[in-house]
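Since chain P is already given, all that's left is putting chain G on it; use the hints.
As they're listed, the protein sequences go chains P and G. Position one of the first sequence corresponds to residue 1 (our numbering), numbered consecutively onward. Position one of the second sequence corresponds to residue 1 (our numbering), numbered consecutively onward.
Note that these hints are calculated values from the structure, not bench results. Just so you know, not all the hints are guaranteed correct.
Same chains, same label: a pair holds when it works inside one copy or across any pair of copies.
[Stated by the list, open to error] When the alpha-carbon atoms are kept at most 20 Å apart in a straight line, the in silico EDC-like pairs for lysine to aspartate or glutamate are as follows: (1) Lys218 x Asp186; (2) Lys218 x Glu350; (3) Lys218 x Asp327; (4) Lys218 x Asp53; (5) Lys218 x Glu107; (6) Lys218 x Glu198; (7) Lys218 x Glu10; (8) Lys218 x Asp289; (9) Lys218 x Glu88.
Just so it is clear, the structure is predicted and the values come from calculations on it, not from any experiment.
Protein chains: 2
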Amino acid sequence: MTDQPMSEQERLAAASWSLLVEHPDPVAGALVAQLGPAEALDWVQHVLDGRIDAGHPRWRQAVDRWAPRLETLEIRRQLEVLQRLGGELVVPGDTQWPTALDDLGFEAPHALWVRGRLSRAPGLAVVGARSATSYGQRQAADLAAGAAERGLAVVSGGAYGIDAAAHRGALAVDGDTVAVLAGGPDRLYPAGNTRLLEQIIDTGAVISEYPPGAAPTKHRFLARNRLIAALGLATVVVEAAWRSGALSTAAHAAGLSRPVGAVPGPVTSAASAGCHRLMREQHAVCVTDAAEAVELCGPISASAPREPDSPPSLLDGLAPLESRVLDAMPARGAADTANLARVAGVAPAEVRSALGRLELAERVERHGSQWRRAR
Amino acid sequence: MTDQPMSEQERLAAASWSLLVEHPDPVAGALVAQLGPAEALDWVQHVLDGRIDAGHPRWRQAVDRWAPRLETLEIRRQLEVLQRLGGELVVPGDTQWPTALDDLGFEAPHALWVRGRLSRAPGLAVVGARSATSYGQRQAADLAAGAAERGLAVVSGGAYGIDAAAHRGALAVDGDTVAVLAGGPDRLYPAGNTRLLEQIIDTGAVISEYPPGAAPTKHRFLARNRLIAALGLATVVVEAAWRSGALSTAAHAAGLSRPVGAVPGPVTSAASAGCHRLMREQHAVCVTDAAEAVELCGPISASAPREPDSPPSLLDGLAPLESRVLDAMPARGAADTANLARVAGVAPAEVRSALGRLELAERVERHGSQWRRAR
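In isolation and in its complexed conformation, chain P is listed as follows (with noise of 0.2 Å):
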């Protein structure tokens, strides 16, 4: 990946790689690396026409890989139809290009094929179940929601259930928000998201790896996954069958050393099956709230400061010494110092001296030799 912007045939060779390849495909990614886009097509071109040898039967095999889509390469009129979207190209290098997509190192996209503007705020993803309750709903709304509030981008992948849930909390307080495609840009995937998708790109971005034209194959839904956990500082899986693409999203997340949360839910739900299962089996961090979900997220918003801890309470704000000559204390009547030290199992003068301090606190009254509970 280069920090520099890159040049006009750069970009166009940035382009035709993420036409060409079938992503993840790291010997693509590494090619890349090495060369830079245009010098690396360069070389594919030369290796096919027999010029150059592969070397290595591996680099020869990805060769062959991407000579059947090279041949038909039409990345000016990709790039036309993506203009006439009002959508645009960003590839590494750009302002806009989001840098969290770097640590997929070998396996970030070539480029990214955007509609509406990406900001650069930091993101959260928040995915989950298509078949997701009214109860998974709400809470993936409400976490985007107040994920959104602090200034985070939540970022999902536009389909039905929790993650239009999650897109539509964002676009409710005018939040960030991005929705990452399996097919190309031109795709509004799911058609019953058609509405909720220009909405996003109105005000956040709908972004793909793939030109206009690509289909969202099965394929390509696992790999987009990598990019909505890349695109997050942490993922958070709200609801999820014990099988789910989800949980695919939570493994490429944990896999860049993300923060993983799961939302949990009642045990008899099959919908948040996969969310406990997080928990148990992947280590996945309980989420309960919005605030707990930007907490994953690290020192870039502190959240709400929890209450003390419980001891205090469970003695009614008493030490643990005054709560049981207090508990010896007869409900009606009184009793003297060695009555409660006998009733309470504590010395004579210990007994004396938590008396005193609990009638500082007027929870007991003396009457001569005489001790009661305070009225």
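Chain G in isolation, oriented as in the chain P frame:
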């Protein structure tokens, strides 16, 4: 703690210690561990009579703490009361003594006042809030029944809510269950659970570290929780508010290096807030059914094997390459190898190999040089 059966005199002394101290009292535990209960009692009397010096001020302080109750000690009368109730005293070294309590070290009880019969089965502590929801009570009963069916004794505190549901779950499958009271064994507390506690006495055990007549004070509820934790190979909290006594049981279990589990619930339920807190802050394991609760207890009982991991199903049981080639196949009509290679982004040789396997799996059909999806 001794492994030898105690003499009658020592049994009486152990019973006396259980009456003298307010738990936890590690100074008493250390003294009894060093001298045995009878000699320890003599030593205290000698110090009080001025015949020997206590030595360190901390010992003198402890003697002063025990002295008030020693004056009025009527241990034989207490034992008679227990006997009239059909109970018996169990001391370290007895076959009925739960050696799991020895892990409490100097904070172990000196004797147990037992009604019913303590089994030798390993324990699972199932605890939670008194103000439980019907969801929580259902989970507690299911967990307890499943654990009891797998040969574990369900240990709890006999309280309303989760505790009662856990005991009832074990009783429902004729399983073993132990209720640890905060007061003496004659006080079947709370009164509303008298019938339940009597049922437990019939088939399991109701136990206390205090003699008959001891009141169930707040202090004793908290101290009692360490016994519940120690009697369980693991502790599972089913429902608990953000601040709840059940969390103190979990803390005791963690202090004993015993696993702690927590049952998740809706994040909208205040009754589950303490469970989620345990998972977040104390690394409690997320427990969703009896098998997972039993699994916490270690290899004593094999839990049902889980289904294998998810990736295969996400790709309809196909390997990634085959899935990509199948995805590239048009929904209607046919395609040749070159076309499939381009659409799938895969080398033609790989496409041919994948097509061979897909044909064997009857997912595609060959028509001359063309391939189509199998009907």
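Outcome of the hint check:
Taking CA atoms no more than 20 Å apart as the test, Lys218 paired with Asp186 passes inside one copy only; the shortest distance there is 18 Å, against 67 Å between copies. Taking the shortest Cα distances, Lys218 and Glu350 sit within 20 Å of each other only across copies (19 Å), while inside one copy they are farther apart (73 Å). In the homo-oligomer, the alpha carbons of Lys218 and Asp327 lie at most 20 Å apart only across protomers (7 Å), although the nearest pairing inside one protomer, at 66 Å, exceeds that limit. In this assembly of identical chains, Lys218 and Asp53 lie within 20 Å of each other by CA distance neither inside one copy nor across copies; the values are 35 Å within and 83 Å between.
For a Cα distance limit of 20 Å, the shortest separation of Lys218 from Glu107 inside one copy, 18 Å, qualifies, whereas the shortest one across copies, 59 Å, does not. In this assembly of identical chains, the alpha carbons of Lys218 and Glu198 never lie at most 20 Å apart, being 23 Å within a copy and 60 Å across copies at closest. Taking identical chains as interchangeable, the C-alpha atoms of Lys218 and Glu10 are never at most 20 Å apart, the minima being 30 Å within one chain and 74 Å between chains. Taking the closest pair of Cα atoms, Lys218 and Asp289 never come within 20 Å of each other, the shortest separation being 32 Å inside a single copy and 33 Å across copies.
Taking the shortest Cα distances, Lys218 and Glu88 never come within 20 Å of each other, neither inside one copy (25 Å) nor across copies (68 Å).
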